[in-house]
Every structure is written in structure tokens, then in C-alpha cells.
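Produce the entire structure from the sequences given, and follow the hints as far as they go.
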Amino acid sequence: MNMNTTETNHHGPGYKLFVIIWATLLALTCVTVYAAQVDLGFLNVLVALSIATVKAALVTFFFMHLKYENMTFKIMVLLAFAILAIFIGFTFFDTAYRAVG
Amino acid sequence: MADAAVDKGFFAPKGGSLLKEWLFTTDHKRIGMLYLWCILAFFVVGVCLGLAIRLELFAPGMTIMTQKAYNAVFTLHGVVMIFLVVIPSIPAAFGNIFLPLQLGAEDVAFPRLNMFSWWLYIIGGVIALTSLFTGGGPPDTGWTFYVPFSAISTTNVSVAVIGVFVLGFSSILTGLNFIVTIHRMRAEGLGWLRLTLFAWALYATAWIQVLATPILSITVVLIAIERLLGMGIFDPARGGDPILYQHLFWIYSHPAVYIMILPAMGVISDIIPVFCRKPIFGYKTILVSSLAIAFAGSLVWAHHMFVSGMSDTAVMVFSFLTFIVAVPSAVKVFNWLSTMYKGSIRPEPPLIYALGFIFLFAMGGITGLVLGSAGTDMHVHDTYFVVGHFHFVIFGGTGMGLFASMHYWFPKIYGRMYNKRIATIAALIIIVGINGLYIPMYLLGLAGMPRRYYDYLPQYTDLHQLSTYGSWITAVGLGLMFWNLWRGRKHGRLVGKNPWGAATLEWTLPSPPPTHNFDEEPVVTHGPYHYDGIEPDEDRIEDKGDEVNNG
Amino acid sequence: MADHPKDYLGQKMGMWLFLFTEIILFGGLFVLYAVTLQRYPDEFHEASKLLDTTMGTVNTVVLITSSLFAALAVTALQKGDEKKAKIFLLLTIALAAVFLVDKYFEWGAKIHHGIYPGSPDIADWEPGKQAFFALYYAMTGLHGIHVVIGMAVLGWIYWLIHVGKCTPQYFVALENGGLYWHLVDLIWIYLFPLYYLIA
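Protein chains in written order, with this note's numbering: chain A, 1 to 101; chain B, 1 to 551; chain C, 1 to 199.
Check before you lean on any hint, since a few could be wrong.
Claimed, not checked - EDC-like cross-link-like pairs, simulated, lysine to aspartate or glutamate; straight-line CA separation at most 16 Å: (1) C:LYS49 with C:GLU126; (2) C:LYS12 with A:GLU69; (3) C:LYS6 with B:GLU106.
If you are wondering where the hints come from, they were derived from the structure by calculation, not from laboratory data.
In C-alpha cells form, the structure reads like this:
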């Protein structure tokens, strides 16, 4: 792999696909606002975060073009999110198990 | 006179203002040299602070400074050594100069960003040092800036942490630059499995720089806004938790120690094969170990917090994980030694420093196990045992790795050779000094002497004095080493392209290398540690320098 | 020294790496949020009620739409339509400004009611509620700073297109600017439910 190739990706999504994604994002926003008004106890947070993650995935894969990038980029993105998950998750080994609140 | 015969390579003036063509250079080799000189200057500052600490601790009670001054001195010693010296040292200096050369590239991926990184380093350093002279004076919190003290200390913590923020940015951008450089700028034929282990080490390090340093950035921002706006984020009365500060701080600062050690290990992996004239034993294993250390090192941060009040579950989990991260490090030590077995060993100075690294790092690493094991850590946490441990691995490890780099690549950079006998003697003095300086600390710690204490009970005096004597021996060794290198710059015997007989790409270039690096992009046909058909250069006949010939 | 030939993939890779640093930067605050939520679920629940969900939803829609325009700008330039690309960019920046104006009013209202860290009016609130707002200001504040930075970056790219330095043949600057902007949107996609929708 040398840097003399200037391959540009001329086959990015067209206007139409982006507008569809946008509409989906708005729809999901409605869903999440509505779901927040239903009392599901602690599941509320889980549902909200799940919907947010779907939205985030749409932005990442389509608006940010990750779907069309090569595997190296996808692995790097995965690595970054995995590390963040570890930072948050491992902290809970402490805070979720303290003897007193 | 001798200079007239030496092509100055990338040092040659280009006809413009000297200041401008160095301070605003985008040539990775010049940037690396700028980093090297600044890092060594800050190292001298850090050493002086360390010597001052040892002088103060020579006797109980006040010896040469007040308590408040002492707190400031050890804080500054930590901040300078960690952020201005050790973290940038090998990557920003030798990585910048030699990574593109080892890849057969013209420069790094983003040369202007590289220059910007250096400027951030300088600005961050200036800001951090400004805290000495402004506001309430230099911070007295220790380099770890723990809350609640850092939030309320009347000293100039805010300015210092802003300096740290800027320095963090410098580190991040260097890491970013190196990742793209390694992915995108390898010469033809240079597949991933033909990279030098130095390059692999820089790659692993760069990922830590990119993914861990931002946590430091947000952590110091939180200290600054706590001091300026009183937001109470770590205040239990307002729902905060000071232990969370420690989590955030160590989520960066533990991986930071791998930023410190991985490049040094990479240098050792490059040096040992050359001076044993044998390919490295277990290339792939060392490569995987570098990546494993980078990854596993991100999982263990709370072993700095065993006594902080965090949950027992966390104590056990992090202690267990800490044992795992020791494994790849040990693997590397075994591989280096196996490389030497039945090798054709030439005890040149780079190898001497490399062997010093292995010896001192292994000693320090083993004491790391005592600290990683939660049960034993309870007794030695925040004692001098810790101080002994980390100085063995950072000074005996990365420090020796830095000195090994200097002695290995000096002839390539300056086109001259230093006096090898003096270099070796200096190495031995430093090794003796480090042992004398830090072994007493293990004993002090086990006997209960706390760290960061200004005063101590009389029973600790003998060991403290031994340690102080060790600091003087170390200083003598360092002085000798630097003086020898300094002299070699202008008066050393001239050398050719490959005085050591190494097989990596930087040794195919003239010494010093020209500004444009390679006349034609090289085509790589073999791995980095294959010595068939490669011999060390003969001495250049024209100029033997003055009497500074090697012994 | 020879000019480097441009490396499109390398420049994009560099931008993504920079985005990772931003993700981790905010990530530190998400660590604090996650732990504090787990500790004070009821207080967070109560405190969230004090935020204006409508404002938050409007801002979410604003940001998502601005992201759309940023993406459309890239498509337009790829197709050779520099004029449309510039218009889309201006729309992106305009919506970013709308977001900031909304935020100004939101914060203004809260501060007017004495709800801000260090305020004497909340000094006797439950710790969990105070923590909610300390984190709220920290996270939305940091996000707001990035909105401002994003606007500046997009404005600069507008200028690059204007002077012909970012072209249909080589438009990685626009893509990279877009990537930055989408990240700002991404962060808000998580901030919105975590602050406004846990009531």
C-alpha cells in the first residue's frame, strides 16, 4: 500500500439514501421520546440507549460513510468503542460493588 | 577542518534564517532533533530536582528546604520527568527521526501536524513551568493531582494542569501521525511482517497515545473547572466521588507507563540482533506481545487504587488482570536472551545499555508483581517500595532504552563515533548508581517509610543516606555519558553508512541522512534482522578525529 | 523537498483517529455519568424532569438535520455541483447556530432559576440531583464548545471550496469536516436520552 494511489470513492450514497436515513433518524427520535413516557422502570434507560445506538449506527455507517470504507477503518472504529466500553464497564467493578451506597 | 569533509546532510543550512528553518521545519529529522535536545534539557532539570530531593532526605527534618518547597519539588520532578521527558522521549525524538527512515518513506504522514506537535510540546512545557512563578507558586499535590486537595490547594494547580492538557495534545497528535504513517507509507516490499520491532512498538504505543490520553485531557479539564467554577463533580456532598477521579486519572496514567516502556522495548529488540548478528528470536511473538501489552495495559488501571476504598470485587479483578499483563513483558525478556544464545556477540555500547535495560527492567518488573498482588500491596502502597519499583522500570527501563537509542543511532545522526570505552564505563557507573539509589528504597518501603514524606523517623536514616550516595554515583555516570556524547559530536571519528552492520533501512543512508531521505524509494526484499551480506563499515580513512578514538 | 502526493485514504484515516480522541474525551464524562446514574437513579429521574424535553427534542431534530445537510454537501461536491455543496454547508452551519441559540435559552432559563453548580439555591438539594446538573453543564457545555468548533471548521471548508482548494476531484477536506460534524451529532444522540428522557 503506497500513497501514490488517489483512489477516491465516487460511489458514495446519493441524495435519496441520505434523506431516507434522515427520515429514519427522525422517526427513531419520535419513538424514543414516546418510549420515555412509558414507565418501564430501569428498562427505560436500556431502551433509550438501544435506540440511541441504532441512531448512532445509522449516522456512523451512512452519514459518516463507514459502510463503504475498507475493513481497516471498521476495525479501528470497533477498537475505539470497545476501549470506551472497557473504561466504563470496568469502573463498575468498583462502583457497583461498594459495600455501602 | 574535519567538518569540511563531512556532508552535513539534513543539518545543512538551506540559506534562510537559521531560526526559521529549524523552528518551523517540517522535516521529521529536524523535528526529532528539536525534541531530543529539549527532552534532554528537561531531563537535566528533572535530574537536578531529583538530586535536590535526595539531598533533603539525607537527614531527618529540614535539611535544605522547607516542607512546602519539598512538596513542590517532588511534584515538579514528577510532572517534568513524566510529561516532558519520559513520555515523549523515544517516540518523539527517535521515532520521529527513524520511523520514516525504517519505512523507506520521505517523511511522516502529516509533516506540518508534526511541527505543530513539537510546538504544543514547547508551549505545554512553558505553561507548566510558568506555574512555578505565578499565582500561589508551584503545585504541591504530587503529579497525580488527586482531589480533593488539588481542588482546594492554594498553589497554582490550574496553570500546571493546563500545561499538562497541552502536552497531552502533543502526545495524541504524534501518535495519530505515526499510526497513519505506518499504515500508509511503507516502501514497496515492506509488508507488516517485515517491519522492524521498533516500528511495531511505536505502532502499539501510538494506539495508546490516541485512545488513552484523551481521558487525561478530560481529567485535567475537570480539575481546572473545579477550581475555577466549583462544580463539585468529585464532591460527595454534591453527589460526586473522589475515587472516580482516581479511576479517570489512572485510566490514562496506567497505559501511560506502557507509552513509556514499549518504545524502549522496541529499541532493545532492534539493537540485540545487530550486536549478536542473529535474527531476533520469535519476531512474531514479540510483535504480538507489544500489542498485547498495549491492550492488556488498558485493563488494569485500578491496581493503583487497592487501598483507595474501592470495592473488594474491583480489588480482586484488577489484581488478577495485572498478573496477565506481566506475561508478554516476560516473554520479551526471554526472547531477547534467546536471541543472544549462540549469537556472535559484540559488546558495543548500544548492547551494554540494552543489557542494562534488561537487567534493571526485569528487577523492577518483578517488584511490580509485589505491587500487583493486592494482598502484598496493602503493606507497601504509598511507601518507598513503590518509588523504588517505578524508578527501576522507568529509569532503569525507559531511561536505559533512551541511552541505548542515543548510543545506537548517534553515528547515524552525526556521522561520527563517540569514545566507546567511556560510553561503556558510563553505562556501568549508571547501572551501579541506579542500584545504589533505588534498592534502599525497596528496603525503606518494606520497613514502612511512606513516600512523599518530608521528614522521617531516625531509624530510616542509613538507608536514605545510601540512596543519596547512589544518586550521586548515578549523576556522575550521567554526566560522563553526556560529556562523552557531546564531545563525539564534533571530535569523534568519522563513520560511514553502517558502522554497526545493521540490516534496517536507516543504515543504507549516508550519516547524517540527507534531507530528502532516499534518492529512490527503496524496495525491500528481506526482513529487518537478516545479516547475510551485511558487514559493519570500515573506518573512514581520511579522518580519524583527534585522540578521541574508541578504545 | 518534493511535494508529497496527496494520500486520500491517509487523510481520512487521520481524521477518524482524531474522532476517536474526541469520543474518548467525552467518554470520560460518560464514565462519570454512568456511575452516578447507577448510584442515584431516583434523583436523576427527578432532576431530569426539570429539563425541557421539547427543547431537547427540537435540538435533536436540528442537529440530525444539520448532519443531513453535511452529508448532502459531500454528495453534491462529488457530483461536481460546487454551488449546491456550498449551500448545503451554509445550511449545516445555520442549523448549528440554531442549536446554540436554543442552548443559550435553555441554560439561561436554568441559571435564572438558580439551577447551576455553585448556586446557593440548589445547595440543599439531594446530592444525586446536584450531581445530575453538574454533569449536565459539564457535558452539554463541552458539547457546545464542539458545536462552535464544528461551525468554524465547516466555515473554513466553505472558504476552501470557494477558493478552489477543495474540489470535486479532491474533496477529502469536506469529507473530513463532515466527519467531525457527524461526531458532534453522534454525541448529542447519546446526551439527549441520557439527560432528557430519563424522567
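So, going through the hints one by one against the coordinates:
A hinted pair counts as satisfied when its Cα atoms are at most 16 Å apart, and LYS49 (chain C) with GLU126 (chain C) qualifies at roughly 15 Å. For the hint pairing LYS12 (chain C) with GLU69 (chain A), the CA-to-CA distance comes to about 10 Å; that is within 16 Å, so the pair holds. Distance check on the hinted pair: LYS6 (chain C) and GLU106 (chain B) sit about 13 Å apart at the alpha-carbon level, within 16 Å; holds.
Of the numbered hints stated above, none is contradicted by the structure.
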